[in-house]
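With the hints as constraints, model all of the structure from the sequences given.
There are 2 protein chains.
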Amino acid sequence: MTTKKLGRQTAALANPPSLAGHANVVGKKEGEGPLANSFDYIGADDSFGEASWEKAESAMQKQALSLALEKAGQPAAAMDWLFAGDLLNQCVSSSFAARGQDIPFFGLYGACSTMGEGLALAAMTLDGGFGEWAGVVVSSHFCSAERQYRTPLEYGAQRTPTAQWTVTGAGAAILAREGPGPYVTHVTVGKIVDRGIRDTNNMGAAMAPAAYETLKAHFQDTGRSPGYYDLIVTGDLGRLGSELLEELFRQDGVELAGRHNDCGLLIYDLEGQDVHCGGSGCGCCASVLTGYLLNGMRQGLWKNLLFCPTGALHSPTTAYQGESVPGICHAVAISAEK
Amino acid sequence: MTTKKLGRQTAALANPPSLAGHANVVGKKEGEGPLANSFDYIGADDSFGEASWEKAESAMQKQALSLALEKAGQPAAAMDWLFAGDLLNQCVSSSFAARGQDIPFFGLYGACSTMGEGLALAAMTLDGGFGEWAGVVVSSHFCSAERQYRTPLEYGAQRTPTAQWTVTGAGAAILAREGPGPYVTHVTVGKIVDRGIRDTNNMGAAMAPAAYETLKAHFQDTGRSPGYYDLIVTGDLGRLGSELLEELFRQDGVELAGRHNDCGLLIYDLEGQDVHCGGSGCGCCASVLTGYLLNGMRQGLWKNLLFCPTGALHSPTTAYQGESVPGICHAVAISAEK
Chain A
1 MTTKKLGRQT AALANPPSLA GHANVVGKKE GEGPLANSFD YIGADDSFGE ASWEKAESAM
61 QKQALSLALE KAGQPAAAMD WLFAGDLLNQ CVSSSFAARG QDIPFFGLYG ACSTMGEGLA
121 LAAMTLDGGF GEWAGVVVSS HFCSAERQYR TPLEYGAQRT PTAQWTVTGA GAAILAREGP
181 GPYVTHVTVG KIVDRGIRDT NNMGAAMAPA AYETLKAHFQ DTGRSPGYYD LIVTGDLGRL
241 GSELLEELFR QDGVELAGRH NDCGLLIYDL EGQDVHCGGS GCGCCASVLT GYLLNGMRQG
301 LWKNLLFCPT GALHSPTTAY QGESVPGICH AVAISAEK
Chain B
1 MTTKKLGRQT AALANPPSLA GHANVVGKKE GEGPLANSFD YIGADDSFGE ASWEKAESAM
61 QKQALSLALE KAGQPAAAMD WLFAGDLLNQ CVSSSFAARG QDIPFFGLYG ACSTMGEGLA
121 LAAMTLDGGF GEWAGVVVSS HFCSAERQYR TPLEYGAQRT PTAQWTVTGA GAAILAREGP
181 GPYVTHVTVG KIVDRGIRDT NNMGAAMAPA AYETLKAHFQ DTGRSPGYYD LIVTGDLGRL
241 GSELLEELFR QDGVELAGRH NDCGLLIYDL EGQDVHCGGS GCGCCASVLT GYLLNGMRQG
301 LWKNLLFCPT GALHSPTTAY QGESVPGICH AVAISAEK
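Going down the list, the protein sequences come from chains A and B.
Take the first sequence: its letters are residues 1 to 338, numbered as in this note's numbering.
Take the second sequence: its letters are residues 1 to 338, numbered as in this note's numbering.
Worth flagging that the hints you see were computed from the coordinates, not collected in a lab.
Don't take every hint at face value.
What the hints assert, rightly or not - Here are some, though not all, of the chain A residues that point toward chain B, as calculated from beta-carbon distances under 8 Å:
1) Gly85
2) Phe96
3) Gly128
4) Gly131
Said to hold, decoys possible - Derived lysine to any residue pairs resembling SDA-like cross-links, with alpha carbons at most 20 Å apart:
5) B:Lys4 with B:Arg224
6) A:Lys4 with B:Ala14
7) A:Lys303 with A:Leu248
8) A:Lys4 with B:Asn15
9) B:Lys216 with A:Lys338
10) B:Lys216 with B:Glu255
11) B:Lys338 with B:Asp274
12) B:Lys28 with B:Ser47
13) B:Lys4 with A:Ala14
14) A:Lys216 with A:Glu255
15) B:Lys5 with A:Asp102
16) A:Lys216 with B:Gly100
17) A:Lys5 with B:Glu132
18) A:Lys338 with A:Asp221
19) A:Lys5 with B:Ala14
20) A:Lys28 with A:Gly272
21) B:Lys216 with B:Asn304
22) A:Lys5 with B:Ala77
23) A:Lys4 with B:Ala78
24) B:Lys4 with A:Ala176
25) A:Lys216 with B:Ala77
26) B:Lys216 with A:Asp102
27) A:Lys4 with B:Ala176
Stated by the list, open to error - So these bits of chain A aren't anywhere near chain B, every CB distance computed over 12 Å:
28) Tyr41
29) Glu132
30) Gly181
31) Glu246
32) Asn261
33) Gln273
34) Asp274
Given the structure is predicted, the values throughout are model-derived calculations rather than measurements.
In this text, a Cβ means the ideal position worked out from N, Cα and C, and glycines have one as well.
This is the structure in structure tokens:
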């Protein structure tokens, strides 16, 4: 068999799976941002009819999956596998959303990189010959994340200038072994990178080195240069992390600016929406990918996209124990043609 | 291509990956139990030289992976992928253990079923043509789990009769595309099953229906009967959950007793070690598999083994919010011959 592994970190899909359906569900604030038109459902009050923020997040995930299945024209029962994850302790948004869905289930934890991890595993599984259809769904919710990672909203805590705003959003993608595209052609799976950042209110700085390493590995493994892509879009580095990423490449003599953007910058109006350094959370890049980015590809805006979700793999406990914040980034190459 | 999917939930590996190396690291109590001889390293005081239980758990995971790599005769740099998970919030034992390991990383959350999820994904990835080697490592630690899920040990809380004891243990397995076996031949991926059990001190009852559904699916998908296997070993149903599983099959006219055992029953002396219903935690079935079970297969004790880790996908938050405990079980068929 021809190897489908390129270099150290990249899987090259022999028969690239097609993104057959994609949808998202977001909160009120996201619906007031610049990408409003690209969202499938915008909640009126972020509760999504549920009695707790955690249940609201689970409801969003369920709805995003259901909308994506509808767009793919498939029932849940057609899915061979479901890959899902979120930020909550024990990934309960995902487990409770998948409960009753009747799909063989893989729970993932990759912090805000989970959409990339899920797309990678779904694509490799289908390309490996294991079934015809796979779903990927991830979420985050501002209110459940604040309560868990920082302080309950009622405390009215101040945010530092480097802080990012956790997106209330869920994104789902349905992959098919055969279809008209867009196609997942390559995935570069991240290694954990830790440059010793200890400020948990500065996730951009913690994750930028991981994005740099994964992008560098992707270019090396595939022999492509940044210029191959019409758009390189990181997950949620935000303003500061994006600057750091571009600066790291600049030191190598590579200019990303102009070709690089970040879902955390795209999803909000940074000046008008009081989000400091931008958006974050699993739902940030997931809702930008499944709306603005993939819709744009279908409209012919971009032919080759490199989608690079980033995650910070720490916890409040590790921070209390004085640990730094390990980062990870997965790069998923999506192309209009095989 | 011949389909490698059997029925609704089962992946049949076309070229079954070989378990090239496996090792475990456990705590003092586990080292005093009946499987003592099957453990590669037994800690003297469960701290593993670290300043916190969370860091101790991470250290165990790192050591288990290192010992498994040694047995496989491979450096970490030879691993194409690492699949890892644990029970801690944000799966930090795994992230911090994998930091600096220089291996492309997939973080998993499947509660105590994680070893099964990891073996499934590692086997499918290699069989799919993506690389030659994959590592799987998972862990749990009694003290970090008690602090997080129940109460800090210092409170001296009473345990209910149905409670299980979280195993302090880490298990690692190295899979190779080619090798002399034992082989992972089939994986049946679980759906989430929730029968409404709300008692978080009765995990066996919450997980038994998931084990029943996955085993039933495995037999249906593969056309095998329980008699095909020399041993069917569930993850950590414990005494009560094991009885429930056997009873559920008995109602279908199928007798598992005599052929079925449970890692939660094997790892401790239930009468002498004050563990109530038995062991639990990701590290329970992982340390039993990577020692007693796989060593036994190598010694010719069993030819065909069905390894079925079970997980309870709840969190303290979902319990506080009155939710029931969703369960999952993955079945991994391991055979001495291809």
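Structure-based check of each hint:
Using the Cβ-Cβ criterion of 8 Å, the hint placing Gly85 (chain A) at the interface with chain B is satisfied: the shortest such distance is roughly 7 Å. The restraint placing Phe96 (chain A) at the interface with chain B holds, with a minimum CB-CB distance near 7 Å, inside the 8 Å limit. Interface hint status for Gly128 (chain A): upheld, as the beta-carbon distance to the closest one in chain B is roughly 2 Å, under 8 Å. At its closest, the beta carbon of Gly131 (chain A) sits 4 Å from a beta carbon of chain B; the interface hint therefore holds under the 8 Å criterion.
Using a Cα cut-off of 20 Å, the hinted pair Lys4 (chain B) and Arg224 (chain B) holds, with the two alpha carbons roughly 16 Å apart. At roughly 16 Å between alpha-carbon atoms, Lys4 (chain A) and Ala14 (chain B) fall within 20 Å of each other, so this suggested pair holds. A hinted pair counts as satisfied when its Cα atoms are at most 20 Å apart, and Lys303 (chain A) with Leu248 (chain A) does not qualify at roughly 26 Å. At most 20 Å may separate the alpha-carbon atoms for a hinted pair to count; Lys4 (chain A) and Asn15 (chain B) meet this at roughly 15 Å.
For the proposed pair Lys216 (chain B) and Lys338 (chain A), the alpha carbon gap of about 39 Å is over 20 Å, so the pair is violated. Distance check on the hinted pair: Lys216 (chain B) and Glu255 (chain B) sit about 13 Å apart at the alpha-carbon level, within 20 Å; holds. A distance of roughly 41 Å separates the Cα atoms of Lys338 (chain B) and Asp274 (chain B); the hinted pair therefore is violated under the 20 Å criterion. The straight-line distance between the Cα atoms of Lys28 (chain B) and Ser47 (chain B) is roughly 10 Å, inside the 20 Å bound, and the hint therefore holds.
Note on Lys4 (chain B) and Ala14 (chain A): the hinted pairing holds, with a Cα-Cα distance of about 16 Å set against a maximum of 20 Å. Distance restraint check for Lys216 (chain A) and Glu255 (chain A): the Cα-Cα separation of roughly 13 Å lies within the 20 Å cut-off, and the hinted pair is therefore satisfied. Distance check on the hinted pair: Lys5 (chain B) and Asp102 (chain A) sit about 16 Å apart at the alpha-carbon level, within 20 Å; holds. A distance of roughly 17 Å separates the Cα atoms of Lys216 (chain A) and Gly100 (chain B); the hinted pair therefore holds under the 20 Å criterion.
Between the alpha carbons of Lys5 (chain A) and Glu132 (chain B) the distance comes to roughly 9 Å, so the proposed pair stays at or under 20 Å and holds. The suggested pairing of Lys338 (chain A) with Asp221 (chain A) holds, with an alpha-carbon distance near 18 Å, which does not exceed 20 Å. This hinted pair checks out: Lys5 (chain A) and Ala14 (chain B) have alpha carbons roughly 18 Å apart, not beyond 20 Å. With a C-alpha separation of about 15 Å, the suggested pairing of Lys28 (chain A) with Gly272 (chain A) holds against the 20 Å cut-off.
Taking the CA atoms of Lys216 (chain B) and Asn304 (chain B), the gap is about 17 Å. The hint holds against a cut of 20 Å. For the suggested pair Lys5 (chain A) and Ala77 (chain B), the alpha carbons sit about 15 Å apart, so the restraint of at most 20 Å is met. Restraint check: the Cα-Cα separation between Lys4 (chain A) and Ala78 (chain B) comes to about 16 Å, which is no more than 20 Å; the hinted pair holds. Distance restraint check for Lys4 (chain B) and Ala176 (chain A): the Cα-Cα separation of roughly 15 Å lies within the 20 Å cut-off, and the hinted pair is therefore satisfied.
With a C-alpha separation of about 18 Å, the suggested pair Lys216 (chain A) and Ala77 (chain B) falls inside the 20 Å cut-off, and the hint holds. Between the alpha carbons of Lys216 (chain B) and Asp102 (chain A) the distance comes to roughly 15 Å, so the proposed pair stays at or under 20 Å and holds. At roughly 15 Å between alpha-carbon atoms, Lys4 (chain A) and Ala176 (chain B) fall within 20 Å of each other, so this suggested pair holds. Chain B leaves Tyr41 (chain A) outside its interface by the beta-carbon criterion, the shortest separation being 24 Å against a cut-off of 12 Å.
Distance to chain B contradicts Glu132 (chain A) as a non-interface residue, since its nearest Cβ pair spans about 8 Å, not more than 12 Å. Separation of Gly181 (chain A) from chain B is adequate, the least Cβ-Cβ distance of about 20 Å exceeding the 12 Å criterion. The non-interface label for Glu246 (chain A) is consistent with chain B: the shortest C-beta to C-beta separation is roughly 24 Å, beyond 12 Å. The claim that Asn261 (chain A) is not at the interface with chain B holds, since no C-beta of that chain comes within 12 Å of its own (minimum 25 Å).
Every C-beta of chain B lies more than 12 Å from that of Gln273 (chain A), the closest at about 27 Å, which supports listing it as non-interface. With a least CB separation of 27 Å from chain B, Asp274 (chain A) remains clear of the 12 Å interface cut-off, as annotated.
In summary, the structure is inconsistent with hints 7, 9, 11 and 29 from the numbered list given earlier, while agreeing with the others.
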